[in-house]
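Following the hints, position chain B against chain A.
So the protein sequences, as listed, match chains A and B. Residues 6 to 272 (my numbering) are what the first sequence spells out, left to right. Residues 488 to 740 (my numbering) are what the second sequence spells out, left to right.
Quick caveat, the hints were computed from the structure, so don't treat them as lab data. Please note that the accuracy of each hint is not assured.
As the list claims (entries may be wrong) - Okay, the calculated beta carbon distance ranges per label pair:
1. Glu269(A) <-> Gly718(B): 25 to 35 Å
2. Ala561(B) <-> Val31(A): 33 to 43 Å
3. Gly191(A) <-> Glu622(B): 29 to 39 Å
4. Ile720(B) <-> Gly10(A): 42 to 52 Å
5. Arg615(B) <-> Ala259(A): 34 to 44 Å
6. Val180(A) <-> Ser729(B): 47 to 57 Å
7. Gly718(B) <-> Ala259(A): 27 to 37 Å
8. Ala627(B) <-> Thr45(A): 40 to 50 Å
9. Ala148(A) <-> Ala627(B): 51 to 61 Å
Where a beta carbon is used, it is the ideal one built from N, C-alpha and C, also for glycine.
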Amino acid sequence: MNGLGALTREAVLDAVRRKLALAVAVSCVLSVMVLDSCTTMMGAHFEINGEAVDASAFIAGGAGALTLVVLTLWLVTLAGVLAADQLRQTLEDGTATLAMARPVSRFVFGLARLAGVLAIAWGAAVALMGAAAFLLGSRNGLALGPAALAGAACLLGSLAMAAWAMTASLYLPRVATILLVFAAVGAVALANAIGAVTGIGGFFGWVDRYGPPFASTAIVALTTWLPQTAQDGMRIEAFDVWARLGLWTAAGLAALFVSLRRIEIGR
Amino acid sequence: MCETAVEPAARDAYPRAMYALELVGVTKRYGRRAALDDVDLAVEHGGALGLLGPNGAGKTTTLRLLLGFCSPSAGRVALNGRDPMDPDARLGLGYLPERLVVPGRVTVRNFLRLHARLAGQRGAEADRQADEAMERVGVADRSGDPLASLSKGLRQRVGFAQAFLGPPDLLLLDEPTTGLDHIGIRDAREWIQSARERGCTVLVSSHVLSEVERTCDQVAILHEGRIAAQGGIDQIVHEGESLEDAFVRVVRA
Numbered sequence: 006m007n008g009l010g011a012l013t014r015e016a017v018l019d020a021v022r023r024k025l026a027l028a029v030a031v032s033c034v035l036s037v038m039v040l041d042s043c044t045t046m047m048g049a050h051f052e053i054n055g056e057a058v059d060a061s062a063f064i065a066g067g068a069g070a071l072t073l074v075v076l077t078l079w080l081v082t083l084a085g086v087l088a089a090d091q092l093r094q095t096l097e098d099g100t101a102t103l104a105m106a107r108p109v110s111r112f113v114f115g116l117a118r119l120a121g122v123l124a125i126a127w128g129a130a131v132a133l134m135g136a137a138a139f140l141l142g143s144r145n146g147l148a149l150g151p152a153a154l155a156g157a158a159c160l161l162g163s164l165a166m167a168a169w170a171m172t173a174s175l176y177l178p179r180v181a182t183i184l185l186v187f188a189a190v191g192a193v194a195l196a197n198a199i200g201a202v203t204g205i206g207g208f209f210g211w212v213d214r215y216g217p218p219f220a221s222t223a224i225v226a227l228t229t230w231l232p233q234t235a236q237d238g239m240r241i242e243a244f245d246v247w248a249r250l251g252l253w254t255a256a257g258l259a260a261l262f263v264s265l266r267r268i269e270i271g272r
Numbered sequence: 488m489c490e491t492a493v494e495p496a497a498r499d500a501y502p503r504a505m506y507a508l509e510l511v512g513v514t515k516r517y518g519r520r521a522a523l524d525d526v527d528l529a530v531e532h533g534g535a536l537g538l539l540g541p542n543g544a545g546k547t548t549t550l551r552l553l554l555g556f557c558s559p560s561a562g563r564v565a566l567n568g569r570d571p572m573d574p575d576a577r578l579g580l581g582y583l584p585e586r587l588v589v590p591g592r593v594t595v596r597n598f599l600r601l602h603a604r605l606a607g608q609r610g611a612e613a614d615r616q617a618d619e620a621m622e623r624v625g626v627a628d629r630s631g632d633p634l635a636s637l638s639k640g641l642r643q644r645v646g647f648a649q650a651f652l653g654p655p656d657l658l659l660l661d662e663p664t665t666g667l668d669h670i671g672i673r674d675a676r677e678w679i680q681s682a683r684e685r686g687c688t689v690l691v692s693s694h695v696l697s698e699v700e701r702t703c704d705q706v707a708i709l710h711e712g713r714i715a716a717q718g719g720i721d722q723i724v725h726e727g728e729s730l731e732d733a734f735v736r737v738v739r740a
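Bound-form chain A, shown alone:
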């Protein structure tokens, strides 16, 4: 694994030099500010047929779960967008050519670039998901365990998306890869959201059943935050979605390293 440490450090520094890390940090700060205002709830009290009902927990759980699922999807998209550029840029600017003229394997080079993406994407994920979980827990009394599980889904989803986006970037122009990332996350989000509560067919049904379950894993992790009626209507199998996300991640990494091994460099 000659050069892995040096190349990973260089990948992170490269993102810092290109101000990508700064842009992500600024967007994280802005997101935390939005979270701060969104997680403040004064209470939800209703009167139904003359009977007082406290719906605070009902609303806090639903809103909290929605917040973390949206954050997960945003962070998965971020990982994909960062990955769309990280490897391709090195092939264009000569970094890859010079590095791979050294006793550095293509596997190590790809791994280092992926690690560079994950250092930023996972850093943002830990900061944002952590801040959201802390605010929701301290203000609305939501348990931290499900949030931690949703965080794990976010990290695994980011890894899967980064690996696939990097693979696509070896064959597609940068803009096409980024559009593909947005389209994939959008389609998965829609399919998972509908599929969580009702059976669907067609393209979105296929995406929900076989696609990378970026949203489903977060939803299933946060089920205990939801009111009992919502939990009863949930159509997601926890083992199925976690196993599928694991498979998509493994397949993404395999696709990346096989593609990297096959491509011709510097042509």
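Below, chain B alone, put in the same frame as chain A:
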């Protein structure tokens, strides 16, 4: 340039093959076009080969095959007897591309320190070699500057510095004097010569025939993907001819 060989154990782990680099019956096709067609080429350890040829002759493809950047469509390529796709085959390899295109935001010092590490040096030794290399090629006073701010000639000097990190046992130089002024060209010649005195094998791909004549003892002339002539300079250049005359004669024939 850099006198201290580090990680000799890693390099010595492999037996020394007869040739430092070798192409045997190599054909490389891009679609239906053959960039190289049944090429045989070999350089012994410590030898220096000038690879000549008009544009599109297949010189860059030859270098890319030797670097493991692509695989031959047919035939065998070897660095010290090993497949160049194997990273260990590239132990002790120094490469200078025709144009040193690198991320412009990186400083000269950080660029060389990274490459010293990739060449197998560690920590303080990597930093020491990078500093020494900057001193030797005359860019020490620009060590903190981004590469993008350097002139073409200075950037080529930095390219030489990175190629000589390690130090190398085999140098692949693609148009090494591109962008250098007369003093730079003379310096480059001295750096190559000092590497040869250390026992380094050199392959120079160049259009500048006078440079090849001064730095190499063997030449191979590639034309339309085939070896048109190969051997010692005195074997290829006839009496009363310059290398340029011989090159034109071989290519036109």
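Outcome for the supplied range 27 to 37 Å, where the beta carbon pair is Gly718(B) and Ala259(A)
Between Gly718(B) and Ala259(A), where Cβ atoms are some 48 Å apart, the hint is violated.
Per the hint of 40 to 50 Å, is the separation of the Cβ atoms of Ala627(B) and Thr45(A) within bounds?
Cβ of Ala627(B) to Cβ of Thr45(A): about 58 Å, so the range 40 to 50 Å is violated.
Between Gly191(A) and Glu622(B), does the C-beta distance stay in 29 to 39 Å?
violated (55 Å)
CB-CB spacing for Ala627(B) and Ala148(A) relative to the 51 to 61 Å hint:
holds (60 Å)
Go ahead and decide if the range 47 to 57 Å is satisfied by the Cβ distance of Val180(A) to Ser729(B).
holds (51 Å)
Quick check: does the Cβ-Cβ distance between Glu269(A) and Gly718(B) fall within 25 to 35 Å?
holds (31 Å)
Between Arg615(B) and Ala259(A), does the C-beta distance stay in 34 to 44 Å?
holds (40 Å)
Distance restraint hint 33 to 43 Å, applied to the beta-carbon atoms of Ala561(B) and Val31(A):
violated (54 Å)
Falls inside 42 to 52 Å, the C-beta gap from Ile720(B) to Gly10(A)?
For Ile720(B) and Gly10(A) the Cβ distance comes to about 45 Å; the hint holds.
This entry does not satisfy hints 2, 3, 7 and 8, going by the numbered hints stated previously.
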